[in-house]
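Visitor: Sequences listed follow chains Y and X, in order.
Going by this note's numbering, the first residue of the first sequence is number 1, and it counts up by one from there.
Going by this note's numbering, the first residue of the second sequence is number 1, and it counts up by one from there.
Please note that a few of the clues may not be correct.
You can't tell identical chains apart in this list, so a pair holds if it fits in one copy or across any two.
Below 20 angstroms or equal to it, Euclidean Cα-Cα: the simulated PhoX-like pairs (lysine-lysine) are [to be verified]: (1) Lys638 / Lys96; (2) Lys595 / Lys163; (3) Lys638 / Lys627; (4) Lys331 / Lys533; (5) Lys158 / Lys326; (6) Lys163 / Lys326; (7) Lys638 / Lys429; (8) Lys132 / Lys485; (9) Lys627 / Lys533; (10) Lys538 / Lys528; (11) Lys163 / Lys460.
Keep in mind the hints are simulated off the structure, nothing from the lab.
One-letter residues, chain by chain:
2 protein chains.
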Amino acid sequence: MFSKREYLGEEQAEAVFQPDGRRVKIRAMSKIIDAARDAGLDIQSPCADLGLCGRCRIILNDRQIVTDPTENELRSISKHDLEAGYRLACQCSISKSGSIVITVPAESRVSHQKTVIHGFMPPFKVSAKVSKVVIRIPRISSSKSIIADSEILLDALKVKGCKNMSLSLDSMRLLPNLLHSNSNVITALIWGRNTVLTLEYGDRHDRLFGLALDIGTTKLAGYLVNLITGKLLASSSLANPQIAFGEDLISRVTYWSEHSDNGRRLQESVVIGVNKIIANVCKEAEVSQNEISDVTVAGNTVMHHIFFGISPERVAQTPFPLAVSKSFDVKSEFIKMNVNPSAYVHAIPPIAGFVGSDTVAGILATEIYKSSETSMLIDIGTNAEIVVAHNKQLTCCSSPAGPAFEGGRIEHGMRSSNGAIESVWIDSKDYTVGYHTVNDAKPIGICGSGLIDAVAQMLKTGIIGRNGHFDTTKKTDRLRTYDGKTGFVLAWMKDTGIAADITLTSQDIQEVLLAKAAIYAGASVILKRLNVKSEDIKQLYVAGSFGTYVDVTSSLLIGMYPELQYDHVRFVGNSSGAGARMILLSDKLRRTADKIAETTRHIELSTDPLFESEYTKALWMPHREDKRFPNVMKMLRKH
Amino acid sequence: MFSKREYLGEEQAEAVFQPDGRRVKIRAMSKIIDAARDAGLDIQSPCADLGLCGRCRIILNDRQIVTDPTENELRSISKHDLEAGYRLACQCSISKSGSIVITVPAESRVSHQKTVIHGFMPPFKVSAKVSKVVIRIPRISSSKSIIADSEILLDALKVKGCKNMSLSLDSMRLLPNLLHSNSNVITALIWGRNTVLTLEYGDRHDRLFGLALDIGTTKLAGYLVNLITGKLLASSSLANPQIAFGEDLISRVTYWSEHSDNGRRLQESVVIGVNKIIANVCKEAEVSQNEISDVTVAGNTVMHHIFFGISPERVAQTPFPLAVSKSFDVKSEFIKMNVNPSAYVHAIPPIAGFVGSDTVAGILATEIYKSSETSMLIDIGTNAEIVVAHNKQLTCCSSPAGPAFEGGRIEHGMRSSNGAIESVWIDSKDYTVGYHTVNDAKPIGICGSGLIDAVAQMLKTGIIGRNGHFDTTKKTDRLRTYDGKTGFVLAWMKDTGIAADITLTSQDIQEVLLAKAAIYAGASVILKRLNVKSEDIKQLYVAGSFGTYVDVTSSLLIGMYPELQYDHVRFVGNSSGAGARMILLSDKLRRTADKIAETTRHIELSTDPLFESEYTKALWMPHREDKRFPNVMKMLRKH
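Just chain Y, with the same shape it has in the complex (with noise of 0.2 angstroms):
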């Protein structure tokens, strides 16, 4: 019970806000999170405050003056952590006056460096959907002339070779006042051929942008580009906010589902993250919003509805239909996203239910839809999206992968950012461990690469069997037991940036293996039904945001993909941000896309039988039946 002088929250608490140092007073009643974010830290937040995502963790030195932990911590939170004095930020209150020390551990905080979100991007020639031509009008007397201001502005236009042009009404809105302005220079954005977006004072022709967003279930990324030289200007990702309403695509899809309002919320919520990546890639690269002139939209396909406003209701369930296939586009203000309000929107059509036009932005940005010979895209996220190129045909699939190899599921999981472990080995004799962090960061977790790195280190070493058990008889200190669970020891507590040391339980290990058999299978499953051998795939492009490298020999090891040739394997980092950013640049590589869309031809693996057992072989490392796998076996019986 508060007193009524401390409900008023006249009560302050003295805070040091650790490692930083940072000393603020904080009021009765004032969260955490708020008072961090007062005192200038960043601490992540990409449910909005709910105490769903648990990522604003925090540690108290005392829990004598916050309030107890809510329902939402004590989900989030185990038995362990909650008494070594961790909260959420975005749950706790400071209760009444006195002295409190809160560490925010580097996993909480923002950060600023870049993930890789940069995917490969083959070359092509730069030719956007919208272009600007600058006008010189003729010095009207406005004292004479009687041609109407649209005709002068047509007229003007025709000289520069642009005909049958129509105007919007903005740009019938804005004419007069151009036109009869200082200035006889007036610039036009055209959209396609025929279509006069709006107009500019002066000349405006260097000022030509757009946006390629690739729409995640859990991040979003947006790339700004000049669409005159091609160049990437700026680019950032954020968390999807839609998390809030749940982590996967099916919770969100029943959110949607359940109130008639639900769908505007989930869309208004996407645009509020895109809107601050746009935000963040215009003052990047200090470009207005009002100059971005065209966007192109990839992402899954429940995304892709979702972020358009249409029911993804029967895409998420059997046999996943999709409502709409085609691309199209829509006025920005439409969706209400801050770029020029007269833009349009791309929808770069999906393929299937669960492989999302993100799929088609690979399928161009790899140009396996050129190759004459057979070869396979994998963009690794919560399900795997594959697609073979064979004989001219395009044959996709998506596999359910689970979260693993971007870190969910996983005790010390994470995305491949600052601190993240990316790549491990370990000595065969002392099992020593050597690893490496994105940024050279102290570690504070594990991401998609370096997971698959321990697992084959481990493997290889004997430390676990192919069935991913740990052999206990091994002599190591690194095999410990945490709460009932083995683990073993990647990173001591002393040397990582968390006040733990980093381990990789018996769990991790299995759900490492449910997502690389579920890969495994579902390519397996094209390559069977197309007749094609592992050994006539040329290429395999490896796509995802797991890490900036995955190490070939580790994926093989592991049974990640059918065995093929080691330099046949080329890693492609995010491919779906990359395909539309040429969307973007290209308007004939806009047709492309979707001819790719319409194009490919997709098997549903969930009713396939032979997915089923295609996958319980695969459960195995590298598999079950070891003649498939020849040279990997060759290799780890060396050992």
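Dock chain X against chain Y, hints included.
Guide: Here is chain X on its own, set in the frame of chain Y:
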């Protein structure tokens, strides 16, 4: 000074509204117009109670318990009338308790009688720009089909002959729910040949409606039509609410220029009026506002520009160039009209600064563009637009007739509605006056056709001379002097619906002369430029809403237009509204209208010296040069 109790509004006055005899209690500080509304009496207030339009005149029997006249009242009510008890209901409040009789004269009431807003319309084939297609969706086994919803729809449309269709965002959003509802019948609203605007449940093919709008400076008129049968279902007219920002075009343009926000205000104001019309016609015809699927807009050029939010500033300055000269279509939601948000609003193109799309509509409705004979159209309003069709070429001008024929600047002038004197005859011996009123109501004023008749009859009977001056030697008690002004009594107070004689003053007659001279001179300039003689005109169409019927003899007697054979004159009413309906009902005529606007030649009168001289010579009746009106002169000499 009020006591506190009075100030709090607890004082009440006992009021009786006459002639209704309605008895009410009015709280102190209440405006009389509000009290009247509470009593169910509809008082005109086109200026939205701002005290600007002077249309809400009431007569009080006592000035003791009301507030003093405001500046607005002093400006709009003559001293004489103020003394007679006239006040403005929107300005005058009850100040203390007592009892009062409030007379609401007929001219201040909102007339629920329909005014003449229908014009002549020739026969044509109905084939609207929008259409509805009913499609039957094959029963979808939702557990099997993986065909995208959009493909199912497009395939079903193809079966109905609709190919290469694109879907609006609206239809994409509606599609999933519609396709998987219990009904397997969907109705698609299609715009042109290739765009699905929106979708509806079930078979709604017979619910296809459109709205034609005529946006006048003073009056808005709307026509709700069935787009399949072409039938007019309801029409409604209303004072243009922009009157609050200025009575005439020029004052509205001035208002637009005064502040950057004023354009938006003017635009929103007219849309508020249009939305009232929509509510009216929809209620009358039992049509939902959402069922209005297409809109056409005709209006003078300034009204056209303002309606779409385009600056009219230069349109109103010499040499009056247009901002936009072509037709265009904008989504109704951009201008916040209460129709189906997917619907487009079609702007009929204007010809010149003072020859608007209303004239284009009039040309279409009278079909003079088709005529192989020489024809003329005169549309009489504050500006009279005159069009001559000669040798397959249309030539037009706009002449500043002034508001006389619409009731403006005439002591007892009014528009053609309930109680307006619309025709007049005068006995040549005893000067007895006979008249006819709209709807046979008690006379409350005189409209355009009545004015023309009255002046012609006064000329014929010698009460006035050819210069319009009274012959005060005539012996009749109808020639009287009021407030120093000479006038001729058309209706004695005892017979009228107002508390006064209805007279025509010498000032009124001069206004009629100014108006008719402008019309004659405009017509004359075109004929001279084209080298056409008046007797070559085989058809003269007179349009406008100044009366159901203008007497041809009277109009020729006063010399309103060049002398031609009486049976060559035809009154066509509101040809602008009729044309807007035709353009709504026929996509082919929409293109014809575009061509009319593009090819009609325009003569600017304001800088034409010939107009000046023609105008001066026409300030006599019928004309200073007798030889121009041989037949009229013959008739006058007979008397």
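Visitor: All hints are to be evaluated individually against the structure, with a verdict given for each.
Guide: Outcome of the hint check:
1. Taking the closest pair of Cα atoms, Lys638 and Lys96 never come within 20 angstroms of each other, the shortest separation being 64 angstroms inside a single copy and 109 angstroms across copies.
2. Proximity of Lys595 and Lys163 under a CA criterion of 20 angstroms is satisfied inter-copy only: 19 angstroms between copies versus 28 angstroms inside one chain copy.
3. In the homo-oligomer, the alpha carbons of Lys638 and Lys627 lie at most 20 angstroms apart inside one protomer (16 angstroms), although the nearest pairing across protomers, at 124 angstroms, exceeds that limit.
4. Neither within a single protomer nor between protomers do Lys331 and Lys533 lie at most 20 angstroms apart by alpha-carbon distance, with minima of 46 angstroms and 55 angstroms respectively.
5. In this homomeric assembly, Lys158 and Lys326 come within 20 angstroms of each other (Cα to Cα) only across copies, at 16 angstroms, whereas the closest approach inside a single copy is 33 angstroms.
6. For a Cα distance limit of 20 angstroms, the shortest separation of Lys163 from Lys326 across copies, 15 angstroms, qualifies, whereas the shortest one inside one copy, 28 angstroms, does not.
7. Proximity of Lys638 to Lys429 under the C-alpha cut-off of 20 angstroms is restricted to the intra-copy arrangement: shortest distance 14 angstroms within a copy versus 135 angstroms between copies.
8. Within a single copy, Lys132 and Lys485 get their C-alpha atoms no closer than 63 angstroms, and across copies no closer than 66 angstroms, so neither meets the 20 angstroms cut-off.
9. Taking identical chains as interchangeable, the C-alpha atoms of Lys627 and Lys533 lie at most 20 angstroms apart only when both belong to the same chain, with a minimum of 13 angstroms there against 105 angstroms between chains.
10. In this homomeric assembly, Lys538 and Lys528 come within 20 angstroms of each other (Cα to Cα) only inside a single copy, at 16 angstroms, whereas the closest approach across copies is 85 angstroms.
11. When the C-alpha separation of Lys163 and Lys460 is checked against a cutoff of 20 angstroms, the pair qualifies neither within a copy, at 68 angstroms, nor between copies, at 61 angstroms.
Of the numbered hints given earlier, the model fails hints 1, 4, 8 and 11; all others are met.
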